[in-house]
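K.L.:
These protein sequence lines map, in sequence, to chains Y and B. Letter by letter, the first sequence follows residues 1 to 321 in full-length UniProt numbering. Letter by letter, the second sequence follows residues 1 to 394 in full-length UniProt numbering.
Don't take every hint at face value.
[As the list claims (entries may be wrong)] With beta-carbon atoms standing in for the labels, derived distance ranges:
#1 Y:I53 <-> B:A237: 54 to 60 Å
#2 Y:G44 <-> B:L279: 16 to 22 Å
#3 B:V191 <-> Y:Q289: 49 to 55 Å
FYI, nobody ran anything at the bench for these hints, they're computed from the structure. Every residue gets a Cβ at the ideal spot worked out from N, C-alpha and C, and that includes glycine.
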Amino acid sequence: MFEALREGLGEEMERDPNVCVIGEDVGDYGGSYKVTKGFSEKFGSWRVLDTPIAENSFTGMAIGAAMTGLRPVVEGMNMGFLLLAYNQIANNCGMLHYTSGGQFTIPVVIRGPGGVGRQLGAEHSQRLESYFQSVPGLQMVACSTPYNAKGLMKAAIRCENPVILYEHVLLYNLKEKIPDEEYTCCLEEAEMVRPGTDITILTYSRMRYHVTQAAKTLVDRGYDPEIIDIRSLKPFDMYTIGESVKKTHRVLIVEECMRTGGIGASLRSAIMESFWDELDGPIGCLSSQDVPTPYSGPLEELTVVQPHQIVTAVENLCGKK
Amino acid sequence: MALRQAWQKAGKVLNGGALVSPGSTFARALSTSSDPLTLEIPVPFKGHKVDPPSSTVETSAAELVDFFRTMFVMRRMEIAADSLYKSKFIRGFCHLYDGQEAVCVGMEAALNDKDCIITAYRDHCTHLGRGGTVLEVFAELMGRKDGCSLGKGGSMHMYNKKGGFYGGNGIVGAQTPLGAGLAFAQKYLKVDGVTLAMYGDGAANQGQLFEAMNISALWDLPVIYVCENNHYGMGTAEWRSAKSPEYYKRGDYVPGLKVDGMDCLAVKQAVKFAKEYSLKNGPMVLEMDTYRYHGHSMSDPGSTYRTRDEISGVRQERDPIERIRKLLLSHEFASVADLKAIEKEAKKEVEDALAKAKESPSPDAPELFSHIYRKSYGAEAYGADRKESTVKLP
């Protein structure tokens with residue numbers, strides 16, 4: 001996947017000279033996850049900028065540069081570090097288009113790996129989608145496959161709105177064959193992973209793989225789950241989700257965000273508001289536990305939703321077969 | 001200078017030395033010649049890791065009259081804003097700039113349209129200096145449609161894209177990294193201009209300022225950090241908030257200059273010097289020693305942390321408008337009557353703008369949702385029912 005991201009970013013940088021990358025160790029080091037490897041030699045140090053460790057100011061700089069028409073791509077070495085830039089993202093990035101009465105657009109892309117990794121410790125296992133979801137003016141997307149990673153990266157760079165692209169630490173080494181021709185993915189659209197009839201399972205990022213793994217067990221037991229990767233975390237693709245709910249009448253949300261105030265919490269109330277009449281039962285929501293991610297391996301596994309829990313939840317919602 | 005262009009648009013013409021209003025019944029005998037004139041700046045510059053510029057500045061009678069008129073309009077505007085606030089036309093926060101006019105007026109004399117300015121919330125006069133109109137400012141303050149941000153920004157969020165004015169920022173210090181970003185873009189796009197990132201003595205203690213200074217010094221960005229030191233961060237005097245209140249030295253490896261911020265000509269000289277330096281070498285810090293007559297904002301009487309004697313003392317000895325008035329009178333570039341006429345005209349301009357702004361309507365309800373997102377790339381956004389609320393974004 002890191003190569004797909006690199007291809008997407010590289011193609012956009014070739015296409016538009018105003019695209020530049022700003023982040024820590026993105027230049028000579030090639031990026032801590034190799035997404036920008038080789039870019040420094042190819043595009044020069046003025047388009048691939050190695051910053052000092054100053055997230056607040058380099059994110060602010062990217063926003064200031066975007067106000068003049070440049071299209072910076074900010075890399076947070078780990079999404080969690082962008083908490084230091086929270087003021088710039090919440091107050092300036094999202095709001096400037098509105099408070100200036102439409103005079104300025106902020107076509108900035110903020111990307112980086114987040115999510116729970118392999119025993120990285122609490123401070124390096126943050127899920128920031130819940131913190132940024134209520135900032136007006138931002139768009140948020142989460143990639144999960146090499147195909148949608150490249151497509152979303154390209155679309156995010158071309159988009160006039162500020163976009164936060166959530167990558168996941170554990171998905172960088174995923175392999176998939178992707179088309180040679182140029183393509184982009186729609187930022188606001190969800191992806192149908194597996195059509196089905198019994199229950200709609202909504203997920204994103206790494207949990208997609210736990211869901212597809214659980215689906216194998218579920219299919220063996222006679223269930224027919226419909227799996228949708230929502231991809232667009234803000235705004236939600238309520239159309240695709242709605243069509244699915246109208247078909248299956250049962251919903252389970254599986255996410256890696258915290259239980260309190262997470263994406264699942266917002267999605268649950270959005271679905272209930274729009275599709276109450278279509279639902280046969282309560283909307284299930286499996287999220288990570290509301291705890292700092294522990295270092296110990298077994299404990300870390302308990303923090304995050306595991307496939308067997310997904311199977312149990314589906315059985316409870318659909319009834320035993 | 002941006003305001004001069006605005007007057008020319010309004011029909012006033014500089015006609016071979018006399019300021020003439022077409023259709024006026026008399027031409028004023030104001031000496032508004034553009035012949036160069038050299039004056040001495042009384043308060044010397046202080047340099048940090050740089051040799052200060054000469055204290056002899058070149059100006060002209062026309063420029064001095066320009067300064068006088070512009071600052072007078074700004075002063076009247078801020079005072080009118082004071083009464084508007086008290087009569088509840090302006091709500092929320094209102095931070096007035098009176099006393100500090102020399103900084104933004106002096107700056108504009110050394111800048112052009114390739115340069116960018118970004119500042120904090122005390123931005124009404126800076127907006128004017130960059131080509132905004134008094135009407136836009138009043139309408140925005142009152143939250144009306146004709147405001148520069150369509151009534152959606154308010155006192156602290158005034159912007160002028162055409163004039164190179166990037167706001168208008170509410171959070172103290174957050175504009176300094178934005179300023180570094182503007183300078184980065186200027187260097188990237190090879191625009192021959194500088195960015196003035198303005199902040200106050202209160203913001204001078206923000207970490208992000210030092211982060212921005214480090215990055216801009218590292219990459220030689222053409223940014224000038226202008227500290228408008230009015231000596232009080234809301235209610236906290238500089239000696240209570242800064243271990244080292246010598247803000248022009250705070251850049252450490254970034255050279256700095258301390259300037260008498262109540263003197264338009266000193267400001268002009270300093271900014272001209274800094275611009276030349278910055279285009280070649282990277283950032284510089286300018287500390288403008290200035291003063292605000294009002295409190296921090298309208299809810300602050302301004303007298304609990306300083307004495308009224310101090311305020312009136314500064315007003316008597318260092319007021320920027322009075323300084324220019326004395327210069328004009330002593331050099332006989334204008335008579336007392338001439339200046340009174342300019343003042344009268346300025347007052348009228350401000351009153352007319354105010355009346356027009358009061359007539360401007362509030363923004364319509366759908367404006368609540370406009371300008372959240374911009375038309376995106378090849379995407380469609382749907383509501384829950386695709387039939388009813390499809391929005392195609394080309």
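K.L.:
Kindly indicate which numbered hints from before are broken by the structure, ordering the numbers from low to high.
P.N.:
1
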